[in-house]
Amino acid sequence: MKPRLSRRSALVGGGAALTAGLAACAPPNPGEVNAAPTIPPADGKVRLTYWAWLKDLQNVCDVFNQSQDRIQVDAVWIPGGNTGGYAKILSAIAAGGGPDIAQVELRQVPEFALAGALVDLTRYGFAEQEPKFDPGAMSQAKVGDSYWAVPQDTGPVATFYNREVLEDELGLEAPATWDEFYETAGIVSEAGKSLISLDPSDGSHPIAWVMQAGANWFRPEGDGWIVDMVGDASMQVAEYWDRIFAEKLVGVGYGSFTTPWYAAAAEGNVLASISGSWSDALVKTVPGGEGKWAVAPMPTWPDGYASGGHGGSAAAVASNSQHPVEALEFLTWMCTDPAGIDAMIEHSGIGWSPAADYIGEPRQQPDEFFSGQNYNEEVIVPMAEGQNLEWTWAPLMQRVQAIIGDGMTGAVTGDVPLADMFAEAQTEIVDIMRTIGLNAEEAR
Amino acid sequence: MTTTDTTKNAPAARRRAASTDSRAGSRDAGRKPTTTIIVTALLAIIALYFLVPVYWVVINATKSTEDLFGTSGFWFGESFQLFENLGAVLSANGGIFPRWGVNSLLYAGVGSVVATYFATAAGYALAKYRFPGRRFVYVLVLGGVLVPGTAVALPLFFLFSSIGITNTYWSVLIPSLVSPFGLFLASIYASAAVPDEMLEAGRIDGVGELGLFHRLALPQLVPALVTILLFQFVAIWNNYMLPLVMLADERLYPITLGLDNWRAQTDRLPEFYQLTTGGALLSVIPLAILILVLQRFWRGGLTEGSVKG
Amino acid sequence: MRSKTAPWVLLAPFLVLFIGTMIIPIIMAIGYSFTRVERSGLLGEAGTESTFAGLSNYIAALTNVNFIESIGRMILFGVVQVTVMIVAATVLALLLESAAAKWPGFFRATYFLPYGIPGVIATILWSFLYVPGLSPIVDVLQVVGINIDFLGPNMVLWSIANIVTWTYTGYNMLIIIAQLKSIPGELYEAAKIDGASSFRVAMAIQLPLIRPALMLTIIFSIIGTLQLFAEPRLLQTMSAGITSEYTPNMSAYAFAFQYNDVGMAAAQAVIIAVAAFTLSAIALGISSWTEKRR
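Note that the protein sequences, when read in sequence, are chains A, B and C. If you read the first sequence in my numbering, its first letter stands for residue 1, the second for the next number, and so on. If you read the second sequence in my numbering, its first letter stands for residue 445, the second for the next number, and so on. If you read the third sequence in my numbering, its first letter stands for residue 754, the second for the next number, and so on.
Quick caveat, the hints were computed from the structure, so don't treat them as lab data. Heads up, a few of these hints could be off.
Said to hold, decoys possible - Some chain C residues judged to face chain B by a derived CB distance under 8 Å, without partners named:
(1) F771
(2) V837
(3) I839
(4) K855
(5) P889
(6) L987
(7) A1022
To be verified - Looking from chain C toward chain B, a few residues come up when the C-beta cut is under 8 Å (computed):
(8) L845
(9) A853
(10) G923
(11) M956
(12) I958
(13) L960
(14) P961
(15) A1019
No residue lacks a Cβ here, since even glycine has one placed at the ideal position from N, Cα and C.
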């Protein structure tokens, strides 16, 4: 009698547990916050948390906290996006918690929006703030008609080069066009050095290249996406770099700002990095580089734009935030008010300013490291102004970047040239977009 | 399982193990000294391999960031700032490192003790009672041993997030309380080391069933307990994926995740090299001592564990 | 009467936790693996719904080149690394037990030491020994004229294998030593009377008798190989050769938390679990088969 009862109760218990398990079987789908009514401003004081991997961000928040007594922002350091930060943000939001504000790289913003992790800022009137921002920054936080984040810094591409070796020793100049880059890279490589060294698995470079050339890989159209990676601009870039790789004109063993890169740069064996404006701070840590380096514009095509975008972050309002209005107020201050910009530059060493017409107080003087050049005003400003404003990031940039990185690794070894890889990647990316439930088409 | 015959011999095997030392001594007598030198030299070279990373961290925890890159990694740099470095490790970020250490101890300590108790109770029940469903439970748990823990981590996260306990101590602690491997060890050991007659005698004396387990069986199971405890402690201490998936708040991190967090920052901020190196030193030293001290117990316990197949 | 409920009382805490943290998640994973998400609007902002996906996630996973490559990589890794490690552990165990060396206790402890160092910390330490510019090993090799990039795309798998081997060889060695110690001394005496060399003793007596222990270590190592996650994930930021989908586990993790494709992540997790289960079951089967034939 008793044993049967206990067996049955065990079965019942097990069955209940099983049912509970099955009930939870729908994959999690964090809040449909953008369908719910907007949250009105709070009456009393508000405390916001802000997850980011920028260093000393609390100092920036403190400037804001002291400027008024209604909103208090607490910064929490998290690991950099792909080194664990994103998984952390997304899993926390999926778990129903997480911060009010999260740092998200510009290119990742749509992917976060797709995960249901972000508040559509257009619903809180963010579009009206547009004139306060640099258009090159703002365009990267926008998908269709919606703004999904506040741009926090950007990375207009420029050429950072070892002037002493390139000009004084080899008698060359920083290449102004891609044709000149080809020539220069050839001469440098004959001298037993590398003009630049790329990590072929890093897909961010080819994307910056095609962006500059005028391609628009991901075009929102109505309710769906047009993926176009084989247009003229893209093909021009692909064929050009296929030639560079085939003739082994640049280093492909390691990327900029890796430990071996620093070692080679310090010895004058790698002469340049063509990368986002934030590279300045990293180049400054090249041992013994003081006064020897300089900055030049990104090499250009006959048509296309002056520069591309490489890196840069946004601050997004997370979908579980109870105070989107206050979060937006703080972010608008931080990213457009001169006090906010200067604080971010001073404490957090951000990339290029996202504000319209204000690059930051510390960036208006000549710099001793870069040969006394006033490089920010002379070089980076035109790079920031010459961006491809049509470019939209797709909601799967991690995978796109991985695909392009894998593809470039193959191109470097001569397996599949970039020109063919782009076409294959286009098909693959459309496939993936459909798999994650989106409406997508290949161009033409 | 094939080893039922060997398991019955467990106590006998132990008796034999005790006599092996004298046996080794007698064999040693007839050996040529050159062989001894060659073998010892070979083992010493291999020992170097196992010690190099530990040696590196001891040396390099004393250096400044500049020396770390500028001087040979195999010898001290120009500056000796071990204590400054360790001070920086302990005070960084408002003393987060000691907190990670305490968290690790909490997860591994509480987790392994409770897991050992639960696994032993269950293993003992499977070994000493005949009841319907016993075989089913066995097979179910065997499946659990063979499925990789990391494959379960993701669905476990979704389960925990649906009941709202992700990013809490519980989210790491609860899964650590289960040791299917421990259950097997305990049940195999219990069937050999806890005689039925003893339990019967206890029953006649009026000891309750739970009392039988706690007062009569548990003392007999101590060697198995030690093995399960150590095994589970190391498994939790080493775990990376589970806390990585579950925890968002740095203050809940175990030491592994925390150090990884610091290391991730070396890319942008070279000063984190020193913190990571110092932190690694601080976490390696106590473990090394623990391992050296506990090695004896470990061996004793595993003698039993390994026979079980 | 009481002894009928007693086993369930003793089992209950374990079983509740076991079901809650292993069985239910596995059932959930199976459930997810048959669903997919449909999104309306550019980013799904106009609504999402879960639909039954049939086997499409499994088909997609098994035709995903990266995932298949990651499995192939782990098989290659497992075959080489587990073999090297088990052979090394066996040789070390035999040498230490041969009593031919001085200070066997010291060596045993030294070899076992890495087991107490978590994979994460072991990887951090070794990564510092791999990075050019920081690593004295790379420096020394360069002086001798050898240029090895431990983190290069082709090399890094073996650099990971080295970390795993470093961590677990001593542990496996201890298991084997424990087994060797249980060999009756009379067998050695008999061999000595026959005039057998140490090598003969190892091959004819010791190796066959420690086969169960070898089987155990191999099974645990296979499961360990399929779990590979922490080491490659940590080295990912340092090595161009490691992608987000480098191992099956990393792939499942990436799909869940980076690619917004939980269904695919679940399908991959299920495939990993089934593969580990099958491999271990086969290993157990082979072991019991050979035991019976003996």
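field: When the least beta-carbon distance from L845 of chain C to chain B is tested against 8 Å, hint result
entry: holds, 7 Å
message: Please check whether A853 of chain C passes as an interface residue: C-beta within 8 Å of a C-beta belonging to chain B.
response: With a minimum Cβ separation of about 4 Å from chain B (threshold 8 Å), the hint on A853 of chain C holds.
Interface hint status, A1019 of chain C versus chain B (Cβ within 8 Å): With a closest approach of 7 Å, the A1019 of chain C hint holds.
message: Just to be careful: measuring from the Cβ of V837 of chain C to every Cβ in chain B, is the smallest value less than 8 Å?
response: violated, 13 Å
query: Is the hint on F771 of chain C kept, meaning its closest Cβ partner in chain B is under 8 Å away?
result: holds, 5 Å
- prompt: How about K855 of chain C: closest beta carbon in chain B under 8 Å, or not?
  reply: holds, 5 Å
query: Per the CB criterion, is L987 of chain C less than 8 Å away from chain B?
result: holds, 6 Å
query: Holds or violated: is there a CB of chain B closer than 8 Å to the CB of P961 of chain C?
result: violated, 14 Å
- prompt: How about I839 of chain C: closest beta carbon in chain B under 8 Å, or not?
  reply: violated, 14 Å
- prompt: Per the CB criterion, is A1022 of chain C less than 8 Å away from chain B?
  reply: holds, 5 Å
query: How about M956 of chain C: closest beta carbon in chain B under 8 Å, or not?
result: Violated - the Cβ of M956 of chain C stays beyond 8 Å from chain B, reaching only about 17 Å at its closest.
message: So, as I understand it, the hint says P889 of chain C touches chain B; can you test that by seeing if any CB pair is closer than 8 Å?
response: With a minimum Cβ separation of about 3 Å from chain B (threshold 8 Å), the hint on P889 of chain C holds.
Going down the numbered hints, you'll see the structure goes against 2, 3, 11, 12, 13, 14, while the others check out.
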